[in-house]
Structures are given as structure tokens and as C-alpha cells.
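Since chain H is already given, all that's left is putting chain B on it; use the hints.
Here's the letter readout for the chains.
Protein chains: 2
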Amino acid sequence: MMISKNEVKYIQSLCHKKQRQQDGLFIAEGPKIVEELLHSNYTIRKLFAVKEWLAANPLQSIDTTEIGTAELERISSLQTPNQVLALVQAKAATEPELKGRLGLVLDGIQDPGNLGTIIRIADWFGIREIICSADTAELYNPKVVQSTMGSFIRVNVWYGDVKVLLDANKNLPVYGTLLQGKSIYTIDKPKEGLLIIGNEGRGIREDIISYIQHPITIPRIGGAESLNAAVATGIVLSHFV
Amino acid sequence: MMISKNEVKYIQSLCHKKQRQQDGLFIAEGPKIVEELLHSNYTIRKLFAVKEWLAANPLQSIDTTEIGTAELERISSLQTPNQVLALVQAKAATEPELKGRLGLVLDGIQDPGNLGTIIRIADWFGIREIICSADTAELYNPKVVQSTMGSFIRVNVWYGDVKVLLDANKNLPVYGTLLQGKSIYTIDKPKEGLLIIGNEGRGIREDIISYIQHPITIPRIGGAESLNAAVATGIVLSHFV
Numbered sequence: 042m043m044i045s046k047n048e049v050k051y052i053q054s055l056c057h058k059k060q061r062q063q064d065g066l067f068i069a070e071g072p073k074i075v076e077e078l079l080h081s082n083y084t085i086r087k088l089f090a091v092k093e094w095l096a097a098n099p100l101q102s103i104d105t106t107e108i109g110t111a112e113l114e115r116i117s118s119l120q121t122p123n124q125v126l127a128l129v130q131a132k133a134a135t136e137p138e139l140k141g142r143l144g145l146v147l148d149g150i151q152d153p154g155n156l157g158t159i160i161r162i163a164d165w166f167g168i169r170e171i172i173c174s175a176d177t178a179e180l181y182n183p184k185v186v187q188s189t190m191g192s193f194i195r196v197n198v199w200y201g202d203v204k205v206l207l208d209a210n211k212n213l214p215v216y217g218t219l220l221q222g223k224s225i226y227t228i229d230k231p232k233e234g235l236l237i238i239g240n241e242g243r244g245i246r247e248d249i250i251s252y253i254q255h256p257i258t259i260p261r262i263g264g265a266e267s268l269n270a271a272v273a274t275g276i277v278l279s280h281f282v
Numbered sequence: 042m043m044i045s046k047n048e049v050k051y052i053q054s055l056c057h058k059k060q061r062q063q064d065g066l067f068i069a070e071g072p073k074i075v076e077e078l079l080h081s082n083y084t085i086r087k088l089f090a091v092k093e094w095l096a097a098n099p100l101q102s103i104d105t106t107e108i109g110t111a112e113l114e115r116i117s118s119l120q121t122p123n124q125v126l127a128l129v130q131a132k133a134a135t136e137p138e139l140k141g142r143l144g145l146v147l148d149g150i151q152d153p154g155n156l157g158t159i160i161r162i163a164d165w166f167g168i169r170e171i172i173c174s175a176d177t178a179e180l181y182n183p184k185v186v187q188s189t190m191g192s193f194i195r196v197n198v199w200y201g202d203v204k205v206l207l208d209a210n211k212n213l214p215v216y217g218t219l220l221q222g223k224s225i226y227t228i229d230k231p232k233e234g235l236l237i238i239g240n241e242g243r244g245i246r247e248d249i250i251s252y253i254q255h256p257i258t259i260p261r262i263g264g265a266e267s268l269n270a271a272v273a274t275g276i277v278l279s280h281f282v
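Line by line, the protein sequences give chains H and B. Mapping to this note's numbering: the first sequence position 226 is 267, numbers consecutive. Mapping to this note's numbering: the second sequence position 106 is 147, numbers consecutive.
Looking at chain H on its own, in the form it has when it is part of the complex (with noise of 0.2 Å):
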């Protein structure tokens, strides 16, 4: 079986939002993220994948086409392809649940592999709930879903309001990284609660910094003017649990 012109041309397609969301579907590459999806709740809805590959992962009820490594190339956003590429049906989020969880709250992060690197920090230390401004990176765009090497399974990722949900969640106590405020090395770590992660430029927004009752910050020895996105998650959270 081979793939034909129009189906290279329709997953070339999909590394575009646009086609991605009116579809409904996005791209999984790779052997790792693409058994990890087999056994999770979404729906692969065709997998292209090498002989080796195929043989070594006997499946019955997926369409599935065998390819060369050069068709594989054809259809690839990966710098090295690796063996399979999966067309998997986008999942709406659920609401988020945040009572009694600590959740992380994106205030427009923009780099795709930033987004990735923290869906798979929020899923090492356990965090279920990750709520994005509408103008964060999107979860299905191929470079975050590769970025999350297959955390964004386990993740709840919900795309909306920001502003609405803090309104909706006063009781919760909210914590956000800023310049100015308690180290990371005296607070109490906090059972539930919000962490809010700033755009990788400007920050967190103004509107939304009016909204942190715990300004936390990570203490600088040296020179650097700022660190990392990811990074910075990452840094906070293990201070956190």
C-alpha cells in the first residue's frame, strides 16, 4: 500500500491551525508518543508507519498504511523521522477541576516548546490541570505535542478566560512569579492553589498580576536578566511539592 499525493499534501496541511481545528485532528510522530496514545483515551484515526515498526506493533482495528523511510520524510515534521506518524482526533478539555490541586495557569505563553516543556514539568510533579490564556501556543500544534514526549496524555490542558476562572475561584489562593516577592526558599508549600506563568517577554499582564495574593520570586547570584519559562516552572514546583 502506498500513500497517495493528496494524503502527503492533507498532512502537510494539518502543521496549519487552521485545517487542524476545523478537522478536529492533529499529528503524533514517533514510537514513544504514538504507543503511548494507543493505550490512552484518544483516537488515532490513521497511522503511516515502516515495516519494523509495524511488525513490531501488530495492530488490528487502526487504518493503516506501511511507508518507506522516504514517504515517511515526505510527511514528517521532525528533523529525524522515527518510524510512525499518527493522525489522532483533537479532544475538547474538560473544565478544570482545581479544589484541593495545585493547577498552573498560562498567561500567554508563545513558544511552542516552552508550552510542551511545561505540560511535561506540570505532569512530572503531578499536576493534572493547566489553564492558557487564548493567546497561548496551541496544544496540538506538532512542536508542542512533540515537546511534551506524550505528557500531554495525562494533562488537562483548557483554553479560555483567565480572568473569568480567577473570578470563579476566590478561594483559592493564588501565586505568581514577579521580580519582587517572597523567595522560593521560605514559602509554604502550598496544598492547592494557582501558579501563574507569565509570557516569556512582558510577563505576567497587568490585570491578571492584580490577581496574585503570594508574589514569588527565584533569587538571582549572578547576571543573567531572566530565566527561562520553563525553566522558571519547573524551579518553582519543585519548591512547591
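To be clear, the hints were calculated from the coordinates, so they are not data collected in a lab. Idealized CB from N, CA, C, for every residue including glycine. Incorrect hints may appear among the rest.
Unchecked claim - Quick list of the computed label-pair ranges, beta carbon to beta carbon:
1. B:Gly201 <-> H:Ala175: 42 to 52 Å
2. H:Gln254 <-> B:Ala96: 36 to 46 Å
3. B:Tyr51 <-> H:Ser267: 51 to 61 Å
4. B:Glu247 <-> H:Arg243: 42 to 52 Å
5. H:Lys211 <-> B:Ala133: 56 to 66 Å
6. H:Gly65 <-> B:Ala133: 46 to 56 Å
7. H:Ile103 <-> B:Lys59: 51 to 61 Å
8. B:Asp248 <-> H:Gln254: 20 to 30 Å
9. H:Gly65 <-> B:Pro231: 43 to 53 Å
10. H:Glu93 <-> B:Glu107: 30 to 40 Å
11. H:Gly65 <-> B:Thr121: 25 to 35 Å
Frame of chain H, contents of chain B only:
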């Protein structure tokens, strides 16, 4: 003054390691990094800048060409070209000075973005010495330079035989992040020593692991299999300093 076709070609050729190493030059872009370079002991050989930047930064002693935004786009490696591009003379790293200090050892970090982010983290936490195995990404790769956000100016990044260096510093405590090890939440903060960070995929090489006297680990709560190498570095350092 215009930029010549040959200059455009030459600048583009500096995206290749071979050309950079042959000529001892590298590219740095954007007002923040270029302005930090102007105040550093790096030598800027040539500047290409738009009118607005030149008006705000009058320079006497540097060979400068005013260019338009269309020309900047042709020579820039950035997704969003940013006012100014500098050709900078590479510097040889000095032999690491480790006594009484904490240093990082990078065992084969491959991704330029990860290396740049690790240099920025080191700078934030006041770490001056980074020792890289010969197969670690190159410091003057444009993606490394840009993702350091200027921190490469303040950190000594030395490349060489990691084992020879570890053999020569047997008096220093050696830490390394492994799957099994003492939790970062319970370790004593070291005043001096070396922290080894492994490659993104395979971790620390077997023959380097044998130097680790203090295996440490970031306890996992959720489902992710691993953390990004730069994020893990940031988390460990935040518990070290």
C-alpha cells in the same frame, strides 16, 4: 551604504560550524545581546543595523553598515529579525578554575536551545564554569548564542576531555542526576564541586557515571518519564545554591 551580495553570502556561511571555526567568527543578533557585547571584552568585527538602532547607539570605532529591514531579513537567522546583527570574534575558553566553586559538566548535550538555556541558568545562579565534552553542541552556534540571551558573555564554556578534567580534580565532590539517587530535597548544599548533566536521550555515559560520588535525583510524582535536560539543571541548581 549597502550590503553587498558577497557579504550576504558570507554571513549566511557563518551558520555553518566549519566556516565559523575557520574564521574564528560568530553571529549575534538583537539589541539586548549586541549591547551587552559592546560592553564586554568580546571584539565586534562588523555591525549591520537599521537606522533606528544606529540613531540610539552612536558608535565611533566599529565598522558599521546601515541596512534596511529587507536586507536584515536576508542575513538574519531569527524568525523575527531584530534591528542589529554583529559579526563577533570568537574567544578561546580559559582552563576552568574550580577551587571553591560549583561547576557544570555537560556530557553530550545535543540540542543548541538546551545548551543556551543551561548557560543562561548557570549565569542566573552565579556559576562561572561549564565544562563540555567534545560532542556537546558548539557554543557559537547561532541558536546557542541567541538562547543564552547574552549569558555566554559571563560564563566560561570550556570544551575538552571530561575524563581528563575529572581525573585532575579528584579532590572535588562530583554530583550527577541519575534515576536512582539521593533526593534533591534532602542533600546538603555543596560549596564546591561538579554537577554532571547527561545527554537528552541517553543520559550520562557509563564511563562518566563512575566518577559520580553523589548520585542525586529529582523525585517524580506524576507520569512523565523524564524532564528536559535544561529544566532538570535549573531545578537541581535551585536546590544547590
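Outcome of the hint check:
1. Between glycine 201 (chain B) and alanine 175 (chain H) the beta carbons are some 49 Å apart, a value that agrees with the proposed interval 42 to 52 Å.
2. Separated by about 44 Å at the C-beta atoms, glutamine 254 (chain H) and alanine 96 (chain B) satisfy the suggested range of 36 to 46 Å.
3. Evaluation of the 51 to 61 Å hint for tyrosine 51 (chain B) and serine 267 (chain H) yields a failure: the beta carbon distance comes to about 33 Å.
4. Take glutamate 247 (chain B) and arginine 243 (chain H): their Cβ atoms lie about 45 Å apart, and the range 42 to 52 Å holds.
5. Roughly 58 Å separates the CB atoms of lysine 211 (chain H) and alanine 133 (chain B), a value that falls within the hinted 56 to 66 Å.
6. Between glycine 65 (chain H) and alanine 133 (chain B) the beta carbon distance is about 55 Å. The supplied range of 46 to 56 Å therefore holds.
7. Between isoleucine 103 (chain H) and lysine 59 (chain B) the Cβ separation comes to about 45 Å, which falls outside the hinted range of 51 to 61 Å.
8. At about 50 Å, the beta-carbon gap between aspartate 248 (chain B) and glutamine 254 (chain H) misses the expected band of 20 to 30 Å.
9. Distance hint for glycine 65 (chain H) and proline 231 (chain B): a CB-CB separation of about 51 Å, consistent with the stated range 43 to 53 Å.
10. Separated by about 55 Å at the C-beta atoms, glutamate 93 (chain H) and glutamate 107 (chain B) break the suggested range of 30 to 40 Å.
11. Checked against the hint of 25 to 35 Å, the C-beta distance between glycine 65 (chain H) and threonine 121 (chain B) comes to roughly 30 Å, which is consistent with it.
When the structure is compared with the earlier hints, violations turn up for hints 3, 7, 8 and 10 and for no others.
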